[in-house]
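K.L.:
Now that you have both chains on their own, put them together as the hints suggest.
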Amino acid sequence: MTAQLDAAARSLVFEYLLRLGDDRLVLGHRLSEWCGHAPILEEDIALANIALDLIGHANLLLTLAGATEGKGRDADALAYFREAVEYRNALLVELPKGDFAVTIVRQFFFSVFALHQWSALQGSAQADLAGIAAKALKETKYHVRHTAGWMLKLGDGTPESHARAQRAVDDLWRYTGELFLADDVDRAVSEQRLGVDPSQLAESWRAHVLDVLERATLTVPESAWMQRGGREGRHTEHLGHLLAEMQIVARSFPGASW
Amino acid sequence: MGNDGDSQWPLWEVFTQPPGGAAHEHAGSVHAVDAETALQNARDVYARRGEAVSIWVVRSAAITASTPEDMGPFFDPGNDKPYRHPQFYKVPRGVKM
Chain A
1 MTAQLDAAAR SLVFEYLLRL GDDRLVLGHR LSEWCGHAPI LEEDIALANI ALDLIGHANL
61 LLTLAGATEG KGRDADALAY FREAVEYRNA LLVELPKGDF AVTIVRQFFF SVFALHQWSA
121 LQGSAQADLA GIAAKALKET KYHVRHTAGW MLKLGDGTPE SHARAQRAVD DLWRYTGELF
181 LADDVDRAVS EQRLGVDPSQ LAESWRAHVL DVLERATLTV PESAWMQRGG REGRHTEHLG
241 HLLAEMQIVA RSFPGASW
Chain B
1 MGNDGDSQWP LWEVFTQPPG GAAHEHAGSV HAVDAETALQ NARDVYARRG EAVSIWVVRS
61 AAITASTPED MGPFFDPGND KPYRHPQFYK VPRGVKM
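Protein chains in written order, with the working numbering: chain A, 1 to 258; chain B, 1 to 97.
No lab work stands behind these hints: they were computed from the structure.
Every residue gets a Cβ at the ideal spot worked out from N, C-alpha and C, and that includes glycine.
A portion of the hints provided could be inaccurate.
[What the hints assert, rightly or not] Here are some of the chain A residues that sit facing chain B, going by a computed Cβ distance under 8 Å: (1) ILE40; (2) ILE45; (3) ALA46; (4) ASN49; (5) ASP74; (6) HIS146; (7) GLY149.
[As the list claims (entries may be wrong)] Partner residues are not named here, just some residues of chain B that face chain A (Cβ under 10 Å, in silico): (8) VAL30; (9) HIS31; (10) VAL33; (11) GLU36; (12) THR37; (13) ASN41; (14) ALA42; (15) ARG43; (16) ARG48.
The shape of chain B in the complex, shown without the other chains (with noise of 0.2 Å):
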């Protein structure tokens, strides 16, 4: 089927929601031909065992992701300006909170 060199049909990314109405998360991946049977195999590998009302599958191929070189200059935080953070300013008299 010819995936990026990988001898397996291609692979899905799956996000389950679980019961409750929480988001959906990234529960794992699993390989199939087509959309419908990468749903049902979300749900034989994911879901079987009632841990979720919602499945997603989307293609692996289709989501950009950062990378490790990315760290730095995304995740960084900002600590030495002080002033992105509510809690440098001084709630006004007056103000219930």
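Excised from the complex, chain A in its bound form (with noise of 0.2 Å):
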């Protein structure tokens, strides 16, 4: 399939796959640093596989931009030696984890949009992708079930619990926007039925979220100013130490394996 693209649509596709890369490989990270700190051990596992499922997903994602892009770049080339501003997450995901309401909050989120992006993109003309998509979907079902069960029990739990929901809702809100920006490259791909505009996810994912969140008592703040920034490379200050952590064993000793 790749072979058959034009070397502009190539690079169209490689900037794409980037960004559905990206995000799962900066989320994966965070979660993973629950792994031995989750407020109760089967909790632990369950954050820990998720964390393992979207880096997996990675991988697949990196891999295939990789090949793509044609110029011998594999998913750990792609993962350890690009710079932050190279990579192409959604802020969101690269926010640190906060407390637990944050992190699941943050979960959800990200769960549902996921999950409404891969139903749409198993009918990506790009067969590899539609591959990728129908695998990583089983698994997305399962990681908004996980998290929208939290947010039940968070938002309509204890007077602690719900108030820090709904901290974790007003702070992450503002982030959200930017998983529905749809530029040049989205409705390119999209045209050629290669990738799915972001923007036509909006509405599916919003009444999902806001159903889930009536239901746990928990509100959208009103003012709709949203932060942007990370699908052109600008980030927070946080993604710079997320990427020291997570890059600083394969270049200090490169080609290593283990």
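P.N.:
Dropping the structure here:
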């Protein structure tokens, strides 16, 4: 499939796949920070499982991105040897893990986004991407089920858990708009049916999220102002620290295997 | 959550059915606040690598178990009454086995 794309299309698809892959890689790494620290053993394992799923999706997407680019970069090269300004993830996924409520609310917001994104990507004309979508969709359905369950427990739980969950929704809401921003890359891959224009996912995401928030007795902030920048490489200061930790071993011992 | 002095969430026993249709077997136990969470935790702990096609969870408190004191009366075989075993009986001639 990739061989049939001309150079311009290859570059567009590469950029698009980086966005998909970087969202998962960065969020998977953030979530893995809970490993050994979650409030209860079973949840520790659950969060680590979800983190591993996301890193697995990132591995598939970045491998495909490297093959599409055609410059000999594999998933490791893209993950470990790019600087923060070259990362294309949305700001939402790089924010610190915060308390358990922040982690769950962020994970819920992203899981619902990924659910609708993978659903649509199953119809991609890029056969490899459609295949990845079909596999990832199953795991993502579980992520939605797990995090939506926690949203209800935290939001409709004790005064303390409700207050923390509401604060997390208030703090994170302004980072959700970026998920649905579409630029020329998104529109081009969408027109060629290779990818999905994220702005077309906004409505279904909002309906899905609002339904759960309402049942969790949580509300959405009134301000409509949204943060942006990640897709263009303008990140928060948090991504640099995350990458330093994630990349240190690969950069200290280039080519090492274990 | 108060579970017999345990500071953890309530305990659930997990039974998983291996692929191929064999019966559910006891896999272990997990803590969880409700049945749905217990099912998810059981999946994450005991069935993430394709070990199962079905999971049952049941509150540990709902299980009535025999005690060590029951060992003798419950399980000692009745070997002094050999007529309890089918091998005691001879197969009559003419019966096809």
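K.L.:
What are the numbers of the hints that this structure violates, sorted from low to high?
P.N.:
Structure breaks hint 5 only.
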